[in-house]
Structures are given as C-alpha cells and as structure tokens.
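> Sequence:
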Amino acid sequence: DSSTQSELIATSARINDALKRFGSGWAIFFEADRHEISEYPESEFPDLASWLVEQERKGAFEAELTHYDSTFYLTLCYLPPEDRTNKAQDLLLETPDNHRGFDARDHLNAFINQSDRAFDLFAGTLPELEMLDDAETLTYLHGTISTKRHPIVSPEVPLYLDAILADCALTGGLAPMLGDAHMRIITITSFPGSTTAGILDALNNLGIAYRWSSRFISMDKVEAIKVLGKYRRQWFAKRKSVMSILKEVMTNEQSVLVDTDADNKVFDADAAMQELGGDLVSYGYFTTTITVWDTDIALVDEKLRIVERTVNSAGFTTINETVNAVDAWLGSLPGHTYANVRQPIISSLNLAHMTPLSSVWAGQEYNEHFNAPSLLMAETGGATPFRLNLHQGDVGHSIVVGPTGAGKSVLLSLIAMQFRRYEDSQVYIFDKGGSARTAILAMGGTWFDLGGADDVGEAAFQPLANIDNANQRVWAHEWICDLIAHEAIVLTPEFKEGIWSALVSLSQAPMGERTLTGLSALFQSNVLRQALQPYTLSGPHGRLLDADLDKLNLGSVQCFEMEELMHTKSAVLPVLTYLFHRLEERFDGKPTLLILDEAWVFLDDPEFAGRIREWLKTLRKRNVSVIFATQSLSDIANSSIAPALIESCPSRIFLPNERALEPQQHKIYEAFGLNVRQIAIISQAASKREYYFQSSKGNRLFDLALGPIALAFTASSSKQDHRLLDQVIAEGGGDFVSSFLTHKNLEWATSLIDIYPQNQGD
Numbered sequence: 205d206s207s208t209q210s211e212l213i214a215t216s217a218r219i220n221d222a223l224k225r226f227g228s229g230w231a232i233f234f235e236a237d238r239h240e241i242s243e244y245p246e247s248e249f250p251d252l253a254s255w256l257v258e259q260e261r262k263g264a265f266e267a268e269l270t271h272y273d274s275t276f277y278l279t280l281c282y283l284p285p286e287d288r289t290n291k292a293q294d295l296l297l298e299t300p301d302n303h304r305g306f307d308a309r310d311h312l313n314a315f316i317n318q319s320d321r322a323f324d325l326f327a328g329t330l331p332e333l334e335m336l337d338d339a340e341t342l343t344y345l346h347g348t349i350s351t352k353r354h355p356i357v358s359p360e361v362p363l364y365l366d367a368i369l370a371d372c373a374l375t376g377g378l379a380p381m382l383g384d385a386h387m388r389i390i391t392i393t394s395f396p397g398s399t400t401a402g403i404l405d406a407l408n409n410l411g412i413a414y415r416w417s418s419r420f421i422s423m424d425k426v427e428a429i430k431v432l433g434k435y436r437r438q439w440f441a442k443r444k445s446v447m448s449i450l451k452e453v454m455t456n457e458q459s460v461l462v463d464t465d466a467d468n469k470v471f472d473a474d475a476a477m478q479e480l481g482g483d484l485v486s487y488g489y490f491t492t493t494i495t496v497w498d499t500d501i502a503l504v505d506e507k508l509r510i511v512e513r514t515v516n517s518a519g520f521t522t523i524n525e526t527v528n529a530v531d532a533w534l535g536s537l538p539g540h541t542y543a544n545v546r547q548p549i550i551s552s553l554n555l556a557h558m559t560p561l562s563s564v565w566a567g568q569e570y571n572e573h574f575n576a577p578s579l580l581m582a583e584t585g586g587a588t589p590f591r592l593n594l595h596q597g598d599v600g601h602s603i604v605v606g607p608t609g610a611g612k613s614v615l616l617s618l619i620a621m622q623f624r625r626y627e628d629s630q631v632y633i634f635d636k637g638g639s640a641r642t643a644i645l646a647m648g649g650t651w652f653d654l655g656g657a658d659d660v661g662e663a664a665f666q667p668l669a670n671i672d673n674a675n676q677r678v679w680a681h682e683w684i685c686d687l688i689a690h691e692a693i694v695l696t697p698e699f700k701e702g703i704w705s706a707l708v709s710l711s712q713a714p715m716g717e718r719t720l721t722g723l724s725a726l727f728q729s730n731v732l733r734q735a736l737q738p739y740t741l742s743g744p745h746g747r748l749l750d751a752d753l754d755k756l757n758l759g760s761v762q763c764f765e766m767e768e769l770m771h772t773k774s775a776v777l778p779v780l781t782y783l784f785h786r787l788e789e790r791f792d793g794k795p796t797l798l799i800l801d802e803a804w805v806f807l808d809d810p811e812f813a814g815r816i817r818e819w820l821k822t823l824r825k826r827n828v829s830v831i832f833a834t835q836s837l838s839d840i841a842n843s844s845i846a847p848a849l850i851e852s853c854p855s856r857i858f859l860p861n862e863r864a865l866e867p868q869q870h871k872i873y874e875a876f877g878l879n880v881r882q883i884a885i886i887s888q889a890a891s892k893r894e895y896y897f898q899s900s901k902g903n904r905l906f907d908l909a910l911g912p913i914a915l916a917f918t919a920s921s922s923k924q925d926h927r928l929l930d931q932v933i934a935e936g937g938g939d940f941v942s943s944f945l946t947h948k949n950l951e952w953a954t955s956l957i958d959i960y961p962q963n964q965g966d
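Numbers 205 to 966, taken from our numbering, label the letters of the sequence shown in order.
These are calculated hints, taken from the structure and not from any lab test. Any given hint could be a false lead.
Listed next, the in silico SDA-like pairs over lysine to any residue satisfying Cα-Cα at most 20 Å (straight line) [said to hold, decoys possible]: (1) K901 with S562; (2) K700 with S742; (3) K444 with E479; (4) K262 with H926; (5) K434 with S445; (6) K825 with R881; (7) K636 with H926; (8) K821 with M770; (9) K469 with K352; (10) K773 with P744; (11) K352 with Y244; (12) K469 with Q438; (13) K442 with D474; (14) K871 with S836; (15) K825 with S836; (16) K794 with K773.
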C-alpha cells in the first residue's frame, strides 16, 4: 500500500534483472505461506499497571477473529547438463580440467556461485531477504508437506529427508487429503492481456491460510528463441485458411481478409523475440497454484471460493484441480520440476509482476536487539497484526510527529508502558501538559513538575552537591561557565580560573552548603556574581537550582513536566543540562527509553541541539532509545542538526494530518523520505486512532486498538483527570492503580489484580 506505481515498476525491473540471468536447467520456486497466528507473546512486567494493560491487549487479541501472517520463500533448483554435453565440450575445447575427469563438485560449485550472485541481486531489492540455515530449511520443507507447524532440528547424524519431514499421510483422489485435512488446489490456467507490478497482491489481505506456490522453469536464450519461433510459425500459418491459400494460387491475387487474431499473435511472438534478443527478459514455463486446507469440507470449499474470486477479479482464469489434484500439489513442492508443467511460457518480467514479492508488512516478531518480543502488537489491514519495533539493528532512536489532538500523547504513554516488558527497563519522559502523568504514577514512577511547585524543596535541585568528586567538579565547572556565557558574559581565562578556584574551595564545605549562593559568595569578580545572580535564591530561577538538598532521586520510571519551565526560557537550558547529566548516571546499559515530548524545546537552542547530536551517538552505545516527539515536522526540519537527527532516527511514526497534501507540508514530508502514496495515507488516516510507521525494514499504517484500561492510563490528561489524580494521591492507601480504576468506573478491572504475579521491579 505504501509504494507508488513507479516504485513497484522499478522493483519489478530489478527483480527481472536477477531472474533473466537463469538459463536452462534452473527452476525457481516462489512461495507465500500464509499461516495463522494464534499465540500472543508472553512477557513479564515489573508493575501492576503495565501488566494490566498487557493482559487487556492479550485478551483482545485472542478474542478477535484469527490473525494471519505471511512468510515468503525463494528456492533455487539446478539440474546439471547431461554428461554427453560435457563430453562434446571437451572435444571442442581443451582445458586443464579435461584430464581430471568428471567431478560432481564442479556442478555444486557452479550452483553455489550462481545462487550467491542471485542472492546478492535479490537482497539489494528485498532488504529482509536472508539465507535459511539447515534447521530453518527443514522447518520450511516440513511445512509444505504437513498440516502441523513446528520447528525441525537439524540432526547431528545426516538422515534422508523422508525420515525427518513426513508426518502426514497423503490420500489421493479427486479431493485429496493431507493427514485429516481436506485439500483444494487451484491452478491459474490463463492470464490477462497484460500484467502489472503486484497484480495478485489482493491475496495478501485474505483472512485464510494458504500456500501460494509459483514455479518458473527457465530457458536459455537459444532454447527460448526456438520455442517462440515455433509459436510464431504456428500463428503465421493460421492467418489464412487452406481455401484462401488455394484461391491466391489460382487467382494470383493476395487475399484481403486474414485472421486478425492470429496476425496479432504473430506480432506478439515477434515482439517477445525482440525483447529476448535485446536481453531485456528471459522466458520459461510458469506454473502457479494456491492450496487451501481444512478439516471441515464446507470450510475448505468456502476458502476455495474466496481464493477463486480474488484471483479471477485480477483477470486470471483458474481451474479447481480434481483429476490432476495430486499432480498439481506435487508441482507446488520445492524441487519438483516435472509435475504439473503448464505449457504457456511467460517472460521473467511477467514473473516479477505475478510472484509474491510484496505483502502486508507485519513487522518483526522479535526485537533482535533485546532478544525479546516486539514492543507492542497493533492492528492493521487484511487480518494481519502489526508488531511495532522501534529498534533498527541496535539503534532505537525514533521520531513521532503530528498535529495537536491527533493522539501523540496516548501513543507515547502506551509505548512507555509496553517498554516495561524488557528486563530491567527504565523509562524517562520529558513531558508537557501532564499528558504522561497518569501513566507514570500508575507505573509507580515519580512525576516532577519543573517550575510548577510553590514549595522550594519539592522541585528544586542542588547541582553542586557532589563537587567533592573530581569528575563532578569538572562537569560543574563547564556547567557554570555555560550559565555565565548564557548571560552574555565573555569568559576570559581569568574568569574561568576564578570559577574553578571557587569550586575547589566550595568542595571543602559541607554538602548542604554547596549551593549556587555559596559559590557566588566565593567569586572575587562582581561580574561573575552578577551573572550568576539569576540562578541563586535572590534571582528568578533560584528556587529551581539553588537548593541545599537535591530531591532528585532517580528511579526506573521518571517524568519531568516542563510546561511551567518553558515559560522561563532562560532557565530551560541550565535545568535540562543538569537533568541530562543526572540521567547519564542511570544510563548503564539497561534497556532505557527516553521520551522528549515537544522536542522543539531541545532543538530551539543551537548549543543544546549540538549536545543532543553528540548524545544520540553516545546514548546508543549505552542502550538508550530516544524518542523525539513534536507537533510539527518543521521543528525538526528547521533545526541546525536536522540531517544528523533524521539519520540517527531510522524509525518514524507519523500521526494523521489532513493537511499533509498541502504544498508546504508536502515538501516537508518528502524531506523525510515519504512518497506521494505515503503522504496520502497520512492525510486520510483516522485521527486519534491510526498511526503511520516508517522504517528501512517496512512501512505500515496501524491501529493501537486500545481498550478501556489502556485508555484510562494513557488518555487521562484533562484538567478533570489531573484533579482526580490529586484526589487519589491525597486519599493515599498505597494502592494507586486500584483506586484510580475505581474512580474511572472500571471496578471490574481491579479483579485482575489478584492474579498479578509478584512485583519484580524496583
């Protein structure tokens, strides 16, 4: 859905370039295995609220109609030339190998070299393509001849395949059975007048299981010309009837009337030979079948009708195999090249159009970086679930962007709660407007209102508390220099020396006296004292930065509310740099999620933006995933670090935006690598419900499918909700989650608390 027609054409052209390199002796099998997904991934959560949300999502997943996913396979089969061909070659060409005799390893090496070249060509177009190992190959082959899906382990002692794979009996006849499942096989017998890229993509949206197998028996150029020439002669001979030819001979006049259908087919064959002669395509025999099965005869017949309608609507003609059913099924198995060979030949470009090369992308089943399940399961089209993973390799940095009211805060809160599935995970959020307050408190975290507390001790920090440590003193020197430079003071070497001397002296004082006021008193320069004054208790920002006791005790879940802080722009940089410095203490390799809501605050200041660029590089090494969230793409596009930010954030989530197609907005979306089709999807998506995910692995429009419990924790951000939170906190009792859900009229959800496993978090 996310690709434009021109992109699909370009992809098909690249696939054709790889396919046309195969000649006689090669058979290529494409298979789309659409299978049922019945299991929801199991995870442990360290807090009750996240666990409740997970149980709700799991229950909804299992209660819905069956989900399906597709796995695609490419199999290469090679038949070496006959011995007499090699002997004839040896007679005509003398090489050192002539005297070595026949060696089967030569054919094996030729097969490996050709398949490796083909893999490299395919991998350039299909980024998720990977070679199967022995166990994966056995599992795949087992799935083609069995109704049972389970892994097959490669034996230590080599065995014949029939001893490893066969576990279902095949019953032949007009309606064959595999084990206790009735099979129906559909074969495509004729094709539309022309094909286009992804012509059979509708099969990817079906809510049934099937095996769609396509086999292409390739031909060399010489052999293909011979076959096409035969077709051309046959159709040329049919242009005129025998009577017309006799009349021409007797009258010595050309007949005016000819069979235009035969004449057109002559030109068609001639055009095919020209394409072949120009090495634009290759030709081969193509057979494609779709197999469905079920233990219930009525259901398997219904599945058959669904597939028939879908394929026929694309302009193809199909046949429900009966007498030829077993042979058709055998022809669908990888490696079987002699069963059910259909005579019409097609070009490699037609093959690229008709093979299952595109699908409804379901995301990655596992987060390979954490070696754990995907971040969350969402819904998407075609009965296919979507597995959201922010990590691309070992990089988890992401961008979330969309207009106000489109569902950004709900998404961020859900991501934070679902991130708790990873062992020893940590979540830190810089929020605006209290959007994440409910989720943070429900997870047992701490919520700091920066600049919003009337009590000095509640939200105040003591940045110089630990300057008796040499490393902390070096950081404090740099931080104080930045504060003074922020006041438009030119920092001379004398000023820097004066700051350092004052810090050294202050480090000898008791911890409670290591304040900015205490530092100011040790300055010898009035200029330095005046520059630091706004950040002491006698200045406007002192209540934030000049405390004699730092209340910032960082846990595994923390939120910093910045709305009030944003009103005092001069305090933003010093407060945020101090908080980031403190957070670095927690970035010790544990899975960490750092959410920066309203990211323009961090990108607006060129100096701070530069620091973020460096942090993105170092935080990745510390296993920290940073999410930049903002209401406007221009906030990021206009930032001084825009190129580095876009490059460092391989995952992007775009919220619905009905104005996305407007020229100005359209250009900004294009700068983020979105094509016309993707921008149209964003403009048509449902607000507060759908989200568009973009990554190098794939792209997908998905729906969070939130239940009432998840909505209570992620969408409670109104003034009334904040008053309710204050009330629940004031009531105390130590059971925030139960009390909050009760106030939200979700008493039924509290019954799940009794089965919650023992808390494993901190």
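> All hints, please: hold or fail.
Comparing the hints with the structure gives:
1. K901 with S562: holds (13 Å)
2. K700 with S742: Violated. K700 to S742 sits at ~23 Å, over the 20 Å cutoff.
3. K444 with E479: Not OK: K444 and E479 at ~27 Å, beyond 20 Å, violated.
4. K262 with H926: Violated - the C-alpha atoms of H926 and K262 are around 29 Å apart, more than 20 Å.
5. K434 with S445: Holds, at about 19 Å.
6. K825 with R881: violated (35 Å)
7. K636 with H926: holds (13 Å)
8. K821 with M770: violated (26 Å)
9. K469 with K352: Not satisfied, since the Cα-Cα distance of roughly 47 Å exceeds 20 Å.
10. K773 with P744: Given pair K773, P744 holds - Cα atoms ~12 Å apart, limit 20 Å.
11. K352 with Y244: Answer holds: K352 to Y244 is near 19 Å, not above 20 Å.
12. K469 with Q438: holds (10 Å)
13. K442 with D474: holds (15 Å)
14. K871 with S836: Since the Cα atoms of K871 and S836 sit roughly 13 Å apart, the hinted pair holds (cutoff 20 Å).
15. K825 with S836: With Cα atoms ~29 Å apart, K825 and S836 exceed 20 Å; violated.
16. K794 with K773: Violated - the C-alpha atoms of K773 and K794 are around 33 Å apart, more than 20 Å.
In summary, the structure is inconsistent with hints 2, 3, 4, 6, 8, 9, 15 and 16 from the numbered list given earlier, while agreeing with the others.
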